[in-house]
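Given the coordinates of chain A, assemble chain B onto it according to the supplied hints.
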Amino acid sequence: MSTIRCDIVSAEQEIFHGDVSMVIATGEMGELGIAPRHAPLITRLKPGQVRLKLENGDDQFFYVSGGILEVQPSVVTILADTALRAGDLDEAAARKAKEEAERALANRGAAMEIAEAQNQLAQAMAQLQALEHLRRNLKH
Amino acid sequence: MAGGREIKSKIKSVQNTRKVTRALEMVSASKIRKAQDLMKASRPYARLMRRAIGHIAHANSEYQHPFMVAREEIKRVGYVVVSTDRGLCGGLNTNLFRNLLGQIREWQDKGVEVDMVCIGQKATAYFRRLKVNMLGSVTHLGEKPQLDQLIGVIKVMLDAYTDGRIDRLSLVYNDFVNTMTQRATTDQLLPLPPSDELPSTHAWDYLYEPDAATVLDHVLTRYVESLVYQATLENLASEHAARMVAMKSASDNATKAIGNLTLIYNKARQAAITQEISEIVGGAAAV
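For the protein sequence lines, the chains are A and B, in the order given. Quick note on our numbering: the first sequence kicks off at 1 and runs consecutively. Quick note on our numbering: the second sequence kicks off at 1 and runs consecutively.
Keep in mind that the hints were calculated from the coordinates and are not lab data. Hints are supplied without guarantee of correctness; some may be wrong.
When the alpha-carbon atoms are kept at most 25 Å apart in a straight line, the in silico DMTMM-like pairs for lysine to aspartate or glutamate are as follows [as the list claims (entries may be wrong)]:
(1) B:248 with B:175
(2) B:10 with A:132
(3) B:12 with A:132
(4) B:8 with A:132
(5) A:98 with B:115
(6) A:98 with B:143
(7) A:46 with B:205
(8) A:98 with B:205
(9) A:96 with B:113
(10) A:96 with B:159
(11) B:34 with A:12
(12) B:34 with B:143
(13) A:96 with B:167
(14) A:98 with B:167
(15) B:131 with B:143
For reference, chain A alone in the conformation it holds in the complex (with noise of 0.2 Å):
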């Protein structure tokens, strides 16, 4: 029986990589059965099973919130994403990092203050200890 190579990745860690016989996933349009010698193909994964057939029959399953599944004649690669991702998630992610630039920029972060005098402070022992410095060699 021919197989075909399958990787299974995400951003934080390697999930499989092996040769299967057959890789089922849910693509955005519906069931996908890739078999070896597929045609090339790329299409966005919905949160789902991914199920692997492996060359001694057994089954294999994993779980992916969505992904990209590309298909070659030789490999097929599923990137997993590692959180469940909608558009209007990612867009209050996005307001998020805006709104805490805002905060930095309106100087209002208590952590940031502490940064900042803590900066301060450092510079200004940097120019105590200069002085003293220069003040002994002064005396000597």
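Same frame as chain A, but now just chain B:
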């Protein structure tokens, strides 16, 4: 005994400092290994993503995604700056920012404006003071950064690129070479730099489901995200490495300072004893 007590208390305070720096050094030494593991764990994704992008670049698609087309005129550029949250890591951030400031100045000389998003407390604090146009920021990623913490800042920049508010997007971070070396690095994210692989011999194209625009948009967004995520992990490993080295040299300096102070202390003590003896002898001779 002149100044004996002062010297002694100074020795004590340097010893305390050394305790702190030693502890920080040890903490970083253990964290660096975890950071490196994270870095390694995320590499397969980046590698396979690059492979897929390479395939896409060679597919003879009718559709050209804006992320893959270089713009002729550059009016505004964007930067994603990755820094640490905490200090005490030697010149790591300073070198990176100096490098970036040089680039910003070059752009400004050409009349090009700069936008940026900052990852990490240090960059946010630094560039806020410089009054750079900061579009987004994310801080406190912790020891195990997750991709979804970064989505926000990346989306801000990708949207800016899609809307034509910036014409080029770069990523600035510290590349972890080894424990002793971290290199301030700038990578171009958008438009995608052309790949150097040879074009394939025959014309082919993907079946896109549902259509090329949607899929490529999705893939390229994930691609940029994975690059930024990888950079964040590199920077994290760099942070621990730099801190370890900085704290090691601080501990060594403290040891040296303690040695010097002890010498001064012993000399002062000896001088005091000698003086006492000579006073007693002088006193005895007088009687």
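- Query: What are the numbers of the hints that this structure violates, sorted from low to high?
  - Reply: 8, 15
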